[in-house]
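Please model the entire structure based on the sequences and the hints provided.
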Amino acid sequence: MPVLIPDAVRVPADVLPEARAIYVENYLAATRGTGRLMLYACDQKVEHMNDDFFGEGIDRADNDPEHLFRIGSTGVVGVLAGQRGLIAQYAADYPDINYLVKMNSKTHLVKTTQDDPYSAQLYSLEAVLALRDTGVNVVGIGYTIYLGSEYESNMLSEAGELIAEAHAAGLIVVLWIYPRGKAVTDEKDAQLIAGAAGVAVCLGADFVKVNPPKATEQQSSAELLAIASEAAGRTGLVCAGGSTVEAEKFLSQLYDQIHIGGAIGNATGRNIHQRSLAEAVRLTKAISAITLADYSVEKALAVFNGSEDFQFD
Amino acid sequence: MPVLIPDAVRVPADVLPEARAIYVENYLAATRGTGRLMLYACDQKVEHMNDDFFGEGIDRADNDPEHLFRIGSTGVVGVLAGQRGLIAQYAADYPDINYLVKMNSKTHLVKTTQDDPYSAQLYSLEAVLALRDTGVNVVGIGYTIYLGSEYESNMLSEAGELIAEAHAAGLIVVLWIYPRGKAVTDEKDAQLIAGAAGVAVCLGADFVKVNPPKATEQQSSAELLAIASEAAGRTGLVCAGGSTVEAEKFLSQLYDQIHIGGAIGNATGRNIHQRSLAEAVRLTKAISAITLADYSVEKALAVFNGSEDFQFD
Amino acid sequence: MPVLIPDAVRVPADVLPEARAIYVENYLAATRGTGRLMLYACDQKVEHMNDDFFGEGIDRADNDPEHLFRIGSTGVVGVLAGQRGLIAQYAADYPDINYLVKMNSKTHLVKTTQDDPYSAQLYSLEAVLALRDTGVNVVGIGYTIYLGSEYESNMLSEAGELIAEAHAAGLIVVLWIYPRGKAVTDEKDAQLIAGAAGVAVCLGADFVKVNPPKATEQQSSAELLAIASEAAGRTGLVCAGGSTVEAEKFLSQLYDQIHIGGAIGNATGRNIHQRSLAEAVRLTKAISAITLADYSVEKALAVFNGSEDFQFD
Amino acid sequence: MPVLIPDAVRVPADVLPEARAIYVENYLAATRGTGRLMLYACDQKVEHMNDDFFGEGIDRADNDPEHLFRIGSTGVVGVLAGQRGLIAQYAADYPDINYLVKMNSKTHLVKTTQDDPYSAQLYSLEAVLALRDTGVNVVGIGYTIYLGSEYESNMLSEAGELIAEAHAAGLIVVLWIYPRGKAVTDEKDAQLIAGAAGVAVCLGADFVKVNPPKATEQQSSAELLAIASEAAGRTGLVCAGGSTVEAEKFLSQLYDQIHIGGAIGNATGRNIHQRSLAEAVRLTKAISAITLADYSVEKALAVFNGSEDFQFD
Amino acid sequence: MPVLIPDAVRVPADVLPEARAIYVENYLAATRGTGRLMLYACDQKVEHMNDDFFGEGIDRADNDPEHLFRIGSTGVVGVLAGQRGLIAQYAADYPDINYLVKMNSKTHLVKTTQDDPYSAQLYSLEAVLALRDTGVNVVGIGYTIYLGSEYESNMLSEAGELIAEAHAAGLIVVLWIYPRGKAVTDEKDAQLIAGAAGVAVCLGADFVKVNPPKATEQQSSAELLAIASEAAGRTGLVCAGGSTVEAEKFLSQLYDQIHIGGAIGNATGRNIHQRSLAEAVRLTKAISAITLADYSVEKALAVFNGSEDFQFD
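Chains as they are written, first to last, in numbering that gives the first Met the number 0: chain A, 0 to 312; chain D, 0 to 312; chain R, 0 to 312; chain Z, 0 to 312; chain V, 0 to 312.
No lab work stands behind these hints: they were computed from the structure. Glycine included, C-beta positions come from ideal geometry on N, C-alpha and C. Keep in mind that a hint or two might mislead.
[Said to hold, decoys possible] So the derived list for chain V, only partly shown, Cβ under 8 Å to chain A, looks like this: (1) 48; (2) 63; (3) 106.
Here is the structure:
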């Protein structure tokens with residue numbers, strides 16, 4: 000089981016001296032003291048609108064946004080990532096969750112065939128710090144970059160400046176980086192994803208979320224991911240959970256991403272919140288068991304199936 | 000009849016501590032102490048120019064902008080929503096109205112076939128706070144977002160930052176969210192409208208105004224609206240009044256939106272101000288009777304017909 | 000003859016308390032104590048470049064920009080509207096003129112067939128206030144909006160913020176609003192012009208300059224203008240003078256615009272400055288006689304012809 | 000010979016009181032006490048890249064940027080106009096030159112057939128004032144506007160604000176105004192150039208540099224220039240030197256531009272710096288002899304040929 | 000061997016007096032006291048993504064970003080150029096390297112056939128100064144300009160302002176200037192590259208990195224480079240290393256660029272880091288031997304081959 004002591008947290012040089020202690024605290028909180036990140040992605044109400052929250056195959060409870068917080072507070076997660084406003088509306092009733100404020104978002108209505116994607120910054124970092132100052136447990140921020148979009152420069156600039164500001168204030172930063180746009184013909188190409196991971200470290204992010212690369216005839220997705228993890232350098236790589244799949248397959252993939260692919264965590268949304276509260280909670284525990292405590296797939300499945308419990312702190 | 004005590008007002012976490020009391024006061028004023036919102040929409044002089052104020056079927060009095068304020072001060076409304084300048088020109092003579100400053104507007108001259116819609120922010124929040132400081136009874140702000148427009152990112156960003164600023168200063172925020180643009184093929188699709196409602200809570204709005212969804216063979220508009228209301232979470236959903244319809248039909252729809260659809264209010268413009276002062280005043284009272292005091296349609300119609308009066312405070 | 004006492008000036012609520020006295024002073028100065036506005040438009044050296052100032056049918060004196068100031072100081076005008084720089088170059092020698100700083104301008108070189116019109120803000124309000132602080136008699140600002148242009152949002156935003164800033168500092172504001180762009184098929188349509196007038200009051204302008212609407216078979220231009228004047232509410236409507244026409248026709252139109260059309264003034268440029276100094280001065284007096292002192296057309300013509308003088312103060 | 004005493008300098012009203020003395024000093028320095036401007040244009044290394052500095056017909060010395068400063072310090076010029084950075088690199092060794100900082104520039108690589116021209120502001124006025132504060136002899140700024148470009152509004156706005164800021168700080172301002180873009184069919188049309196001159200005075204520039212108009216059958220270029228000079232009003236008009244021509248022709252044109260065309264100076268670049276140091280120095284003296292001391296063409300030619308020297312101070 | 004004493008450093012006039020000492024220190028550090036610059040380019044993880052760091056012909060070690068720093072700290076380099084974030088993540092462990100923060104970057108995904116290149120500024124200079132203030136050894140900044148791009152104006156403006164800010168704070172500035180875009184038909188044309196060099200001095204850069212010009216029938220690349228070096232004036236010209244070539248050829252080219260072409264250094268990335276640590280270190284030494292100590296190609300090759308060592312300080 001990975002354990003991290005405060006002195007072992009590597010603090011980037013752009014964290015101002017007066018913010019180092021808070022950065023270490025945030026880093027340890029987000030990774031539950033392990034250096035591994037279980038990111039619970041709750042930012043899809045803008046990205047996918049209600050398509051991820053209501054409809055066939057989705058538990059009816061998921062239509063109420065509070066479902067996200069109920070899972071987050073009952074389950075075992077590292078951080079709950081959501082837009083500033085969403086957090087502001089619910090955080091008072093769920094004070095123990097570690098929040099990661101997603102700084103940009105777009106809907107899926109305009110397709111890439113019509114226009115390249117641009118997800119714009121929605122509020123200043125000052126607004127996030129003000130939220131933290133009112134007592135909300137904000138440990139970091141997130142930002143999505145679509146590399147290869149004709150608006151790539153907008154997103155690189157917003158992310159670049161936000162990281163400097165966030166680190167200066169002791170917040171950790173997670174980048175979501177997806178190659179996308181008319182210029183991108185194969186979003187899951189392993190070399191491209193490794194390149195995306197490398198962009199993250201150049202911008203100075205603490206973590207980067209990428210899609211798992213497409214397997215080739217020679218190499219599995221997890222093997223290819225290992226190259227991306229290495230290319231990310233000191234930026235920890237976490238993998239996107241993707242669409243809802245059967246739990247065993249999901250946990251097995253996650254295990255391989257970490258133990259073969261060098262990922263130091265995961266970022267999962269739909270796979271969790273589209274389930275009933277009880278099942279979703281158990282899935283967060285199973286995911287965290289693998290991510291934070293190096294459980295085997297079999298043991299994690301036992302957690303998911305409820306035959307074993309998993310607590311962490 | 001819904002009643003709300005000050006302690007029951009749920010204050011979002013981004014309201015700064017020093018602004019909490021004023022936020023609660025504004026929330027109670029806007030909802031007349033009920034938690035329900037009767038929004039009287041007076042921002043159409045830009046959106047629809049004079050087409051909503053002069054012409055066949057419109058009372059001649061509506062051509063004078065003061066008609067809006069006469070109705071607002073004599074009738075029963077929660078807030079009068081209008082542009083900053085309009086309010087600044089008349090507020091001194093109508094000091095008792097609760098004003099909601101609409102922060103953006105566009106005309107209808109450029110159609111979506113020519114260019115996707117962008118309604119730009121017209122003034123800073125500082126200008127609104129200055130107006131409040133001179134004694135005008137400003138309780139909140141409003142902003143329109145056209146999701147699916149190629150300019151969606153502009154509007155999401157302006158709204159995102161404005162909400163942070165407004166809450167910090169104790170103002171309530173109402174978003175108008177309409178899916179619109181070349182990418183949007185069915186603006187009234189229920190799933191799309193529920194998605195729009197979800198975007199509002201992610202941005203942290205207190206209320207969101209959406210169009211009533213189109214009924215399907217299986218479900219009525221009000222039933223479908225219930226899904227959107229739930230998807231809006233702690234952001235209260237109110238329905239757009241739409242074009243002028245016969246009063247009984249209008250009140251009946253409103254009743255269903257609230258009692259079946261989970262709406263906590265309405266936003267009505269043309270249906271009110273295109274009538275004579277006396278009739279318009281009675282309509283505000285009938286609407287408020289349903290919205291604020293849970294009247295039946297029949298009783299509300301009696302108010303509209305003048306056989307019964309409705310006072311509220 | 001319209002007379003206005005200081006106490007009767009209606010001060011918009013966004014004029015800051017400390018600026019109320021200066022606003023009243025500026026309003027009275029601009030309207031010469033009558034509430035009516037004789038705006039002498041000297042901003043066309045950018046808009047029409049030299050085509051309005053040199054050539055067939057234009058007095059040779061008009062080529063020298065100082066001609067504008069000679070007329071303004073010798074004739075009877077309410078305000079001389081011009082760009083900040085033009086005023087800065089001549090104001091020291093013409094200190095008694097009331098100046099209105101035109102905040103935006105464009106040339107006529109790019110036609111609407113090539114690109115929709117955008118007239119951009121040329122300087123900050125701070126620069127205007129600095130000019131006022133050096134002793135120049137600046138009483139207000141002006142801004143042109145092309146509604147229906149694809150750049151409409153730029154202009155609405157710049158105007159919206161400028162009005163807030165100008166009122167806060169006690170300056171009056173005049174908007175020029177013209178529907179123009181590929182989306183506009185009939186710029187002189189009466190309903191459209193009434194709509195433009197309504198936009199002005201929503202933005203909070205003190206005066207709006209519109210083109211006179213095109214007469215229909217049923218109604219004269221002045222009768223249709225009356226609808227626009229009413230739609231402008233507390234924003235006073237003034238009519239554009241248009242191209243140079245024979246004086247009697249011009250004065251007769253002006254008389255009707257005021258007495259039938261509800262205009263509270265006029266905005267005239269070419270009709271004045273394209274004449275010799277003496278004739279131009281007499282025309283300003285004739286126009287002011289109608290605008291400020293309710294002269295009949297016949298009496299005003301006598302002023303223009305020099306058979307009678309008109310002084311005002 | 001034109002002479003100007005400090006009291007005769009007409010100070011624009013937007014020069015702040017505390018900056019009036021420095022403005023007068025700068026104006027006198029730039030015009031060498033005459034009110035006439037000999038502007039030595041050294042900004043073409045961006046505009047024309049190396050095509051103006053190296054190649055057939057160009058003295059080999061011109062390839063080294065220091066050639067520009069050697070000429071400027073040895074010859075007789077009013078101001079040396081160049082980009083901020085160029086001046087910063089050489090000014091310490093050429094402290095006696097009056098510098099005019101060119102605020103915008105573009106290369107000639109993108110042709111008007113591909114995109115309309117936009118020459119963007121390259122640094123803030125603060126950066127220029129900081130340079131002045133370190134002791135560099137900066138007397139003013141320059142800015143180029145391409146009227147009729149689809150980006151005209153960008154340039155009008157940048158120039159408009161810069162002039163206000165520069166005057167406030169006591170700097171003189173020279174505008175370069177050229178009609179250019181897809182909408183402009185005849186850049187040298189006399190009426191168009193007179194219009195450009197008029198735009199300069201509306202923006203409040205102290206000097207405007209225009210191209211000499213194309214002669215017509217009825218009128219010479221210099222005669223037509225007289226109309227533009229008058230249209231420029233209190234903004235002094237200077238003529239662009241254009242491409243390298245034979246010295247006698249050049250000096251003869253300049254004489255006519257001043258004595259017939261009403262120009263109060265010239266702006267010359269290539270014609271000077273493409274020559275050897277000695278010849279270039281003599282040409283600056285010949286030009287200054289005409290511009291600053293009303294020499295005849297014949298006498299100025301003697302200066303250029305070295306049979307007579309010309310010193311000025 | 001070139002040696003520079005502190006008093007011989009030519010300090011641009013825009014370095015503020017209080018920053019002159021630090022500028023001299025930075026200049027000497029970056030050039031290792033020689034006035035020559037060995038720039039080790041580590042910014043390609045964004046520009047070329049992982050294609051420069053992983054794949055056939057690239058040492059496997061290059062996939063880990065720390066490889067860059069290991070080389071930089073063990074080898075002999077002037078400055079290591081990289082993005083702010085990359086430096087922030089590793090600088091604490093490699094404190095002795097001189098860092099040059101690359102201020103802008105883009106990926107290669109969108110090709111010029113799709114859209115002209117724009118590499119946007121990624122963070123403010125304040126963020127860089129803050130990094131310096133935490134103790135990171137930041138000696139300067141870098142910025143890439145694509146002249147001839149339709150977005151040229153964006154880059155010229157960002158660079159123009161950054162140079163002023165950086166010099167004011169005592170940082171040195173390196174520009175990367177490449178002509179590129181639909182308008183550019185021959186990026187390696189000698190006259191064009193000389194023009195690019197001239198733009199750098201106009202902006203006030205201390206160094207400019209250009210591609211070596213294409214040889215003609217008459218002149219070698221190095222001979223043509225001499226013209227560009229001269230056109231750069233006081234801005235030192237360094238040559239891009241380009242793609243990986245055989246070491247002898249590379250060192251021979253470098254020697255000629257300096258001794259024939261007038262370059263005062265080099266900027267090399269791929270050629271170094273795509274090799275194993277040991278070989279890469281020896282290459283930095285060989286390059287530095289030529290650049291900083293005027294070694295012959297033969298002697299430098301001995302350094303590269305390990306038969307001789309090269310230390311410098």
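Evaluation of the provided hints:
1. 48: Hint holds; residue 48/V Cβ to chain A Cβ min 3 Å, cut 8 Å.
2. 63: Cβ of residue 63/V sits 5 Å from chain A, so the hint holds.
3. 106: Holds - the Cβ of residue 106/V comes within 8 Å of chain A, reaching about 5 Å at its closest.
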